[in-house]
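> Just so you know, the protein sequences line up as chains A and B, in that order. Sequential numbering from -12 applies to the first sequence in the working numbering. Sequential numbering from -12 applies to the second sequence in the working numbering.
In short, the hints are calculated from the structure, not lab data. Treat the hints loosely; a few may be bogus.
[As the list claims (entries may be wrong)] Using 25 Å as the maximum straight-line C-alpha spacing, the simulated DSS-like pairs for lysine-lysine come out as follows:
#1 A:Lys305 with B:Lys29
#2 A:Lys29 with B:Lys102
#3 A:Lys29 with B:Lys94
#4 A:Lys76 with B:Lys94
#5 A:Lys46 with B:Lys102
#6 A:Lys71 with B:Lys208
#7 B:Lys94 with A:Lys46
#8 A:Lys102 with B:Lys29
#9 A:Lys19 with A:Lys29
#10 A:Lys71 with B:Lys71
#11 B:Lys76 with A:Lys93
#12 B:Lys29 with A:Lys71
Number of protein chains: 2
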Amino acid sequence: MSLTIKDVAEKAGVSVTTVSRVLNDRGYISAKTRKKVMTTMKELNYTPNEMARSFLSNKTRFIALIVPTTENPFFGELTFHIEKELAQKGYNLFICNSLNDVENEKKYLRLLQEKRVDGVIVGSHNINISEYEHFENKIVSIERELTKGIPIVQSDNYAGGRLATQELIDKGCRSILCIRGDQHIKTPANDRSIAYQEVMEENNLNYFFEEVPFQLQDQEKREIVNQIFSGEVMYDGIVAGDDIIAKMCINSAVTHGVAVPEELKVIGFDGTKIVRQLSPELSTIIQPIEKLAQNSVEILLSILNDEKVNQVTKLPVKLLSSISTKK
Amino acid sequence: MSLTIKDVAEKAGVSVTTVSRVLNDRGYISAKTRKKVMTTMKELNYTPNEMARSFLSNKTRFIALIVPTTENPFFGELTFHIEKELAQKGYNLFICNSLNDVENEKKYLRLLQEKRVDGVIVGSHNINISEYEHFENKIVSIERELTKGIPIVQSDNYAGGRLATQELIDKGCRSILCIRGDQHIKTPANDRSIAYQEVMEENNLNYFFEEVPFQLQDQEKREIVNQIFSGEVMYDGIVAGDDIIAKMCINSAVTHGVAVPEELKVIGFDGTKIVRQLSPELSTIIQPIEKLAQNSVEILLSILNDEKVNQVTKLPVKLLSSISTKK
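Construct all of the structure, not just a fragment, from the sequences and the given hints.
Now the structure itself:
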């Protein structure tokens, strides 16, 4: 039979509320009373049950992270860094794979509603959800525009789009395709294709788009990519939506007899650790994943403390290119 | 001001304990009393605070998963499937990246001690920790031998080791190196190199080992791999510890002027989705990651319900080979 807060209260001759105040450092307690309670806890060898403490303090030190899926290397790496940051600050992390399903996302928000978590980091790709408005001082978003009151941490997608397009032009490409995601989803990633189009226009080149929504199955993505290379291929460069699409393009091109990089040059996006391990030759735009994690954790903990924060935090990206000049 | 269990009790004319019993479906309650409480809750439009409910029932429906890091694709994919399985059964998942640090692992076990989680799934690669003994009916392990009382879910590593080695021999290799992990860690993965050695001996071939511990930094792993290919290369086949090591071997071999697959054939281990997306040409042993997740969740929930379970669950692996016969 383990001791409870009630045993401490009885032994110390104070109310349960008083013990709770001491435990949670809340409300007025005289120095004398505090000392009495502390001494009694020590005498009884009482360790407060964490759940009881949370129940009383109304703080759990639990944070939830909503991502489409940790299977994706960008989100697997992001999850790792977010958990590491939170652990250093004494928080634990729930992981929620929304699988791009709105109902899943709503279910996880209920954890917040039921006060089982203190705050939420949203890195999911779903359509806008009105529920987010109720939690404006408890949520930070990564790369997703939710509501006006929810701060967002993002990569400089616009700069990334410009860097990728300019690199292909510099290396001799003239007919460049941009593969982008679902344009109905409000994400700063859309800035990449805006930047692409601008750079193409500045260079008096025609621009071309292909949409490959993130939430498609691999096989569906592969079919869209294969269509680009069946028949006569009209492109000599591709700005891909992410590294996986970039690799699909390269594999499909080679299968269809297109020489890479001689006839086709491809630049991906993300630059995760695993992609750089498995495909060190792939040119890509590197997202600052660790910094995205650090900034989102810092901002979330600030708003939970009622501190003012920037609405938008934009972090620089980097071009990693191994493309040589066109022959 | 939100309603509490006390308001319900007062309105229904019963004790707080009675309402708590109804909420948690525990202890004796007459049908009449139960109905009265339920009706009152409905009239008051009372929704029980989840934290209060947990506090009263002593169940959180939270599970923790300890992995080295979700950055690694095997663990990123495993985390995804475990969370999906648990969510379907009404549980939420904490993610704990132990980073192969014993202190980190101990810290996460404290969540269990403090009753903030109901159970733990351990997929970490650390040395044995005596603390695990205290939680024998609350833990399941994936691919790690903890204590005798903790059930383990694993791939058939022995079969995987045999399959990989035999495939290389069948395709003409005679001088095969086996790259394995740290042999001080008790993991069923060690069965792979045992199987490799057996197959080599059965075929009257010499066996060679190289150790590349999982917890090393990429750069350190790459240096060990590069040493294999600096100077005269004595191998025509490699059974690699995982797919990342396999790719490192291939990249290093090519850099050192060794023709792959003509002069060197490599087989990896894991076969994660991302590796198959990025390197579809890589031959590997596919681990049943989704099944590992399903089985570990099922076994954990069974032991939390005091049901009997198998101590060892071994799941079949599959060879994915695109190696053609040696010229």
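> Indicate, hint by hint, whether the structure satisfies it.
Now the hints, each set against the structure:
Taken as a hint, the Lys305 (chain A) and Lys29 (chain B) pair is broken in the structure, with Cα atoms around 57 Å apart against an allowance of 25 Å. This hinted pair checks out: Lys29 (chain A) and Lys102 (chain B) have alpha carbons roughly 21 Å apart, not beyond 25 Å. Note on Lys29 (chain A) and Lys94 (chain B): the hinted pairing holds, with a Cα-Cα distance of about 23 Å set against a maximum of 25 Å. Of the supplied pair hints, the one linking Lys76 (chain A) and Lys94 (chain B) holds, its CA atoms being roughly 13 Å apart against a limit of 25 Å.
Distance restraint check for Lys46 (chain A) and Lys102 (chain B): the Cα-Cα separation of roughly 16 Å lies within the 25 Å cut-off, and the hinted pair is therefore satisfied. Between Lys71 (chain A) and Lys208 (chain B), the direct Cα distance comes to roughly 23 Å. Compliance with the 25 Å bound is thereby established for this hinted pair. As the CA atoms of Lys94 (chain B) and Lys46 (chain A) are separated by approximately 19 Å, the hinted pair is consistent with the 25 Å bound. This hinted pair checks out: Lys102 (chain A) and Lys29 (chain B) have alpha carbons roughly 21 Å apart, not beyond 25 Å.
Between Lys19 (chain A) and Lys29 (chain A) the alpha-carbon distance is near 15 Å, which keeps this suggested pair within the 25 Å criterion. Taking the CA atoms of Lys71 (chain A) and Lys71 (chain B), the gap is about 22 Å. The hint holds against a cut of 25 Å. Of the supplied pair hints, the one linking Lys76 (chain B) and Lys93 (chain A) holds, its CA atoms being roughly 17 Å apart against a limit of 25 Å. Only pairs whose Cα atoms come within 25 Å are accepted, and Lys29 (chain B) paired with Lys71 (chain A) is rejected, the gap being roughly 43 Å.
When each numbered hint is compared with the structure, violations occur for hints 1 and 12.
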